[in-house]
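If you're matching them up, the sequences are chains A and B in order.
The first sequence begins at 1 in the UniProt record's numbering and counts up by one.
The second sequence begins at 1 in the UniProt record's numbering and counts up by one.
Honestly, the hints are just simulated from the structure, not real lab data.
Check each hint, because a few of them may be wrong.
Lysine-lysine pairs mimicking DSS-like chemistry, simulated, CA-CA at most 30 Å apart [to be verified]:
(1) LYS48(B) - LYS103(A)
(2) LYS104(B) - LYS115(B)
(3) LYS108(A) - LYS48(B)
(4) LYS103(B) - LYS188(A)
(5) LYS22(A) - LYS103(B)
(6) LYS167(B) - LYS103(A)
(7) LYS104(B) - LYS15(A)
(8) LYS103(A) - LYS104(B)
(9) LYS22(A) - LYS104(B)
(10) LYS103(A) - LYS121(B)
(11) LYS103(B) - LYS103(A)
(12) LYS188(A) - LYS15(A)
(13) LYS48(B) - LYS102(A)
(14) LYS103(A) - LYS216(A)
(15) LYS103(B) - LYS115(B)
(16) LYS188(A) - LYS168(A)
(17) LYS48(B) - LYS15(A)
(18) LYS103(B) - LYS108(A)
(19) LYS15(A) - LYS103(B)
(20) LYS108(A) - LYS223(A)
(21) LYS121(B) - LYS104(B)
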Amino acid sequence: MDWGALHTILGGVNKHSTSIGKIWLTVLFIFRIMILVVAAERVWGDEQDDFVCNTLQPGCRNVCYDHFFPISHIRLWALQLIFVSTPALLVAMHVAYRRHEKKRQFRKGDQKCEFKDIEEIRKQRFRIEGSLWWTYTGSIFFRLVFEAVFMYAFYFMYDGFRMPRLMKCNAWPCPNTVDCFVSRPTEKTVFTIFMIAVSSICILLNVAELCYLLAKFFLRRSKNAGNSKQQPNNENKEETKQNEMNELISDSCQNTVIGFTSS
Amino acid sequence: MNWAGLYTVLSGVNRHSTAIGRIWLSVIFIFRIMVLVVAAESVWGDEKSAFTCNTQQPGCNSVCYDHFFPISHIRLWALQLILVTTPALLVAMHVAYQQHQEKKLLVMTGHADAKHMEEVKKHKMRIAGSLWWTYVCSVVFRLLFEAVFMYIFYMLYPGYQMMRLVKCEAYPCPNTVDCFISRPTEKTIFTVFMLVTSSVCIILNMAELVYLVVRACARRSQHHSNPSSGKSSFYGHKHSSEYKQNEINQLLTEQDGSLKDMLRRNSGLQEKGDRCSAC
């Protein structure tokens with residue numbers, strides 16, 4: 001189970017996303033996950049081995065490294081990416097649930113079910129409306145929250161986004177104050193800034209998608225309000241006809257059958 | 001065979017699970033297995049090489065590491081995840097057995113064409129009858145394994161916290177020696193994270209157990225109040241719907257018979273009945 005598997009899982013959700021959602025997913029996989037895997041992991045690969053302190057005191061290096069890096073950038077980014085991509089699974093579950101309901105309708109032989117076979121139900125793309133709209137909006141909201149929380153966590157833990165070259169450490173067992181040197185600080189700063197920038201782009205895309213969904217929702221509402229004044233809905237017309245027919249049938253049935261005693 | 005292989009195997013079981021079971025499986029794969037593979041393994045990667053003791057005595061490092069880490073967190077989690085996900089295979093085996101029985105039935109009744117066989121393979125089994133017991137057992141085993149491993153973790157690494165410094169006096173270390181662990185804070189963070197997800201999985205399993213029991217009781221009370229509907233079918237929904245259709249047909253023929261009787265007796269009369277039961 002690795003990033004490839006996550007890509008497979010989320011690729012399925014992609015079909016039901018908006019265009020902005022598809023762009024967001026592409027940015028996530030190409031500019032964040034891929035950069036993390038092919039580049040950033042190499043940069044941070046020797047972070048502890050090459051963290052050198054100006055002392056021979058055993059244990060001082062370990063303690064100072066732990067003091068300045070409670071959790072490595074790479075792990076924080078990995079957790080951030082996992083948390084940010086999982087709300088999309090809420091949408092996947094909702095879509096799967098809707099499909100399941102349609103299949104049940106189809107199997108019961110419901111007249112209203114417009115599909116010819118199960119394959120069509122499986123391949124159908126659902127419109128983002130009704131309860132699915134709420135699930136989708138909820139998932140975008142959670143994405144935004146997770147992105148913001150992790151960016152704050154980064155800022156809080158590493159005092160800004162810059163990697164210093166030198167750190168002064170006086171945790172026990174280091175004797176007095178000891179100079180410790182971080183490996184590849186400039187390269188790490190470059191990648192940190194890059195990941196922060198892409199994270200901000202993802203936040204902007206999420207905000208844009210949220211606005212787009214809200215705008216679509218209000219437009220649809222005003223269109224429906226306008227339409228219902230002008231003419232009755234076609235669907236309602238058919239339902240009314242069906243209801244009338246059913247009434248006629250039940251009436252004629254009662255007229256021809258003589259009452260039974262209930263057993 | 002790796003985690004991806006396990007994922008393939010368990011995705012098949014997913015189809016016959018309850019909704020809570022599917023959520024549980026997603027939590028296991030995304031928040032536990034994936035975090036283990038992409039993050040935790042690299043945190044513990046240098047656990048032995050960066051374990052430093054304040055001594056130059058050869059062998060002291062190895063002995064102290066072995067004394068404080070009888071089994072590494074990563075290996076314990078891997079074992080836990082494997083044992084916790086495997087009871088689902090009991091369900092897979094039972095479903096396969098039921099499908100085999102259905103196929104045999106189809107062959108016996110002469111419906112052994114490709115279309116029916118495909119449908120047997122694809123349709124979702126209802127969790128009823130003996131499959132219910134198998135499913136419940138698998139959930140109970142999952143709970144048991146989770147609890148056992150959490151207890152083992154607590155016994156081996158009290159408080160779930162990783163110390164920065166451990167004092168070691170095992171031979172051949174001279175007297176007491178200070179040993180320093182690499183990345184203790186990061187390890188504590190990940191230990192707590194895995195502990196939290198494990199608790200979430202335990203809660204999901206308990207919820208699933210309660211849901212199954214409640215569903216079984218509801219079904220039982222439905223049967224008591226409606227005994228003519230008969231036992232739930234061993235052979236899945238198709239057979240039970242045929243059974244129901246047979247019943248309906250029987251009722252219709254009975255009513256048809258009584259209708260004809262009454263028509264003969266009261267030929268001219270028309271009364272509005274309570275209910276049109278033939279419709």
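Taking the hints in turn, this is what the structure says about them:
1. LYS48(B) - LYS103(A): violated, 55 Å
2. LYS104(B) - LYS115(B): holds, 15 Å
3. LYS108(A) - LYS48(B): violated, 62 Å
4. LYS103(B) - LYS188(A): violated, 61 Å
5. LYS22(A) - LYS103(B): Given pair LYS22(A), LYS103(B) is violated - Cα atoms ~43 Å apart, limit 30 Å.
6. LYS167(B) - LYS103(A): Not satisfied, since the Cα-Cα distance of roughly 64 Å exceeds 30 Å.
7. LYS104(B) - LYS15(A): Outside the cut-off at roughly 39 Å; violated.
8. LYS103(A) - LYS104(B): Holds, because 26 Å separates the two Cα atoms, which is no more than 30 Å.
9. LYS22(A) - LYS104(B): violated, 47 Å
10. LYS103(A) - LYS121(B): holds, 16 Å
11. LYS103(B) - LYS103(A): Given that 30 Å is the threshold and the Cα spacing comes to 22 Å, the pair holds.
12. LYS188(A) - LYS15(A): The hint is violated at about 36 Å.
13. LYS48(B) - LYS102(A): violated, 55 Å
14. LYS103(A) - LYS216(A): holds, 28 Å
15. LYS103(B) - LYS115(B): holds, 12 Å
16. LYS188(A) - LYS168(A): holds, 19 Å
17. LYS48(B) - LYS15(A): Violated - the C-alpha atoms of LYS15(A) and LYS48(B) are around 46 Å apart, more than 30 Å.
18. LYS103(B) - LYS108(A): holds, 23 Å
19. LYS15(A) - LYS103(B): With Cα atoms ~35 Å apart, LYS15(A) and LYS103(B) exceed 30 Å; violated.
20. LYS108(A) - LYS223(A): Judged against 30 Å, a Cα distance of about 34 Å means the pair is violated.
21. LYS121(B) - LYS104(B): Between LYS121(B) and LYS104(B) the Cα gap is close to 13 Å, so the pair holds against 30 Å.
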